[in-house]
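Colleague: In order, the protein sequences belong to chains A and B.
This note's numbering applies: residue 1 is where the first sequence begins, and numbers increase by one.
This note's numbering applies: residue 1001 is where the second sequence begins, and numbers increase by one.
Derived by calculation from the structure, the hints in this document are not laboratory data.
Quick caveat: nothing in here was measured; it's all calculated off a predicted structure.
Be careful, since some hints might not be right.
As the list claims (entries may be wrong) - As a list, the in silico DSS-like pairs of lysine-lysine whose alpha-carbon atoms are at most 30 Å apart:
#1 B/K1138 to A/K22
#2 A/K23 to B/K1138
#3 A/K229 to A/K315
#4 A/K229 to B/K1112
#5 B/K1219 to B/K1091
#6 A/K229 to A/K23
#7 A/K229 to B/K1111
As the list claims (entries may be wrong) - Computed spacing ranges between beta-carbons, pair by pair:
#8 A/G86 to B/D1011: 45 to 53 Å
#9 B/M1100 to A/H157: 26 to 34 Å
#10 A/E156 to B/N1217: 22 to 30 Å
To be verified - So these bits of chain B aren't anywhere near chain A, every CB distance computed over 12 Å:
#11 H1107
#12 Q1125
#13 V1172
Ideal placement from N, C-alpha and C gives every residue a C-beta, glycine not left out.
This is what each chain is made of:
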Amino acid sequence: MNHLPLVSTRQAFGEELCELGKKIENIVVLNADLSVSTRTSFFAEAFPERFFNAGIAEQNMMGVAAGLSTTGFIPIVSTLAVFAAGRAYDQIRNTICHSALNVKIAGSHSGISMGEDGSSHQSIEDIALMRVIPGMTVLVPADGLETKRALRAAIEHEGPVYMRLGRPEVAAITHRKSSFTLGRAKILRNGNDATIVACGIMVFQALKAADVLKCRGINVRVINMHTVKPLDLEVLSEAAEQTGGIVTAEDHSVIGGLGSAVLEALAWVRTKLPVYQIGIRDTFGESGNPDDLMRKYGLSWENIAKAVEEILSVKGV
Amino acid sequence: MLNHPKEIVRDLEEKALLARQEIVRMTTNASSGHLGGSLSCVDLLVALYFHQLRHNPSDPSWPDRDRFILSKGHAAPALYAILALSGYFPKEELSTFRRMNSRLQGHPNNKKTPGVEISTGSLGQGLSGAVGMALGFKISGRENHVYALLGDGELNEGQIWEAAMFASHHEVVGITALVDRNHGQNDGRTEKVMSIESLIAKWMAFGWRVFEVNGHNMKDILDVLDRSMEDRNKPTVIIAETVKGKGVSFVEGNDAYHAKSLPKQKLDVALAELEGMRSAL
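Sequences are here, hints too, so could you generate the full structure?
Modeller: Next comes the structure, spelled out in structure tokens:
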């Protein structure tokens, strides 16, 4: 898979936003002094009259977006995930979601894979913070093409949406002919020995683990859970029934993120189901190269493969 | 400047009296609610809803309406009384305030109450929403005006000043903020809890045009609203000097009634006191 073209999800987001700006005239974009980092600079250059820099003031930016949405515009708000979901949490909860307003929030540089800036800027809690709010939709696209489709789906959806984006370049894994439906997970590999449920940057790692395991004779199902909320319960419960064991993988805390969402859902599906979570284990990150950090903090295909093998031993295979 | 006829002023003053009675009744009935800060902003709300705002109570989502945001959401009883008197919903519904299954929540909720534009309650957030609305009208070339009522205690919130900075930087002039300067907040006098003066200098430094008014003098309120619309080239704030609990002698200036209602045994005295003011109008 190493020959696949590389693009970051933030880059794809910025490019698609600019494309959609041409077709959808009531898109407006807000940003908090990070337009190059969030790639909203592309839109700003093309449509300066529909781009508003809020300065380093995320709380007000969320409120302004809320107000704009009540006057016929579709505001796309972008900043780093840690500032969107963390700093402006109360504004997202109380002004945007409590009013059920049509605001789209794109949190970039999510997870430990944002790298060198270190733990102050590594959002490992944003999925948890956003999915707990009633009425919020949470999307975590895995690559460039999926990001573009997710953005389109977010805009078509009436209501608040949080989109989680990343800084590192990721391999293209989304098939050009595949479709994207909000709330419908994608099964990327079929298999019945165990299931890996992943989102975002970890989908690539999940695929790599599945390929390696296949060489060892283990057939793993890989689910790309690009919509963490609402979770695709159908695909999930089917996987639980048919494969009998699940590994979740995310560049996020194991508390409150995709793994938690899966566990919450499966608590109703089947008892005695082995579930193993790959994620940040209740600790802050640190500065470093994204690849090194992901290895150090266990966000690797090797760890996923190991977890699958552990599940197989629990299952008694 | 328009000279507002006496009859119009008197009519509005009577509306304010009725609203105050409803607020006292509603909060006592609910055994909770923010009485002091609701009574202090009644005259401003009456002037807005019965004189200044373009709105249509029988069509709350009329696109050409002006917008009003109650940023100090805890003054919901005042807003509900005014909305009921305007005809957004039946006056009888006020007795359901803060009860389960009611459309009248403890703090304003746009998904439940007709006439509420955006949900508020967490302080400091309403001005940003109002500025966003005014920005939307500006970039789409529409004439709708946006009003936001802020508490003085609420000005402790940093987000208010983020919004103030944003509005002047992006030249959002179709916004009028009104500050209910009643000098009280949850823990006591604003001067004691957190000093916010010099308010005029602060707003001016953030690029806003500032007006002052006695927030209980209806004629002055109408005048200042008129003046605030003339030669508008900046976002505008009206600082209204008010009295917490205005209208009921033993609630006036009494911070014990910030987040409290009158006990049942004091209700009749309060209502009678308010009724007694009718003859003085």
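Colleague: Determine for every hint whether it applies to the structure shown.
Modeller: Hint by hint, here is what the structure shows:
A distance of roughly 21 Å separates the Cα atoms of B/K1138 and A/K22; the hinted pair therefore holds under the 30 Å criterion. At most 30 Å may separate the alpha-carbon atoms for a hinted pair to count; A/K23 and B/K1138 meet this at roughly 21 Å. At roughly 29 Å between alpha-carbon atoms, A/K229 and A/K315 fall within 30 Å of each other, so this suggested pair holds. Our distance criterion of 30 Å between C-alpha atoms is met by A/K229 and B/K1112, whose separation comes to about 24 Å.
Distance hint between B/K1219 and B/K1091 is fulfilled; the C-alpha atoms sit about 26 Å from each other, no more than 30 Å. A threshold of 30 Å between alpha carbons decides the hint, and for A/K229 with A/K23 the separation of about 27 Å falls inside it, so the pair holds. For a cut-off of 30 Å, the pair hint linking A/K229 to B/K1111 stands: about 22 Å separates their Cα positions. Separated by about 50 Å at the C-beta atoms, A/G86 and B/D1011 satisfy the suggested range of 45 to 53 Å.
Taking the beta carbon of each, B/M1100 and A/H157 are about 31 Å apart, inside 26 to 34 Å as hinted. For A/E156 and B/N1217, the hinted distance range of 22 to 30 Å is not satisfied, since their beta carbons lie about 51 Å from each other. For B/H1107, the shortest C-beta to C-beta distance to chain A comes to about 9 Å, within the 12 Å cut-off, and the non-interface label is violated. Chain A draws B/Q1125 into its interface by the beta-carbon criterion, the shortest separation being 5 Å against a cut-off of 12 Å.
With 12 Å as the threshold on Cβ separation, the claim that B/V1172 sits away from chain A is violated: the shortest Cβ distance comes to roughly 9 Å.
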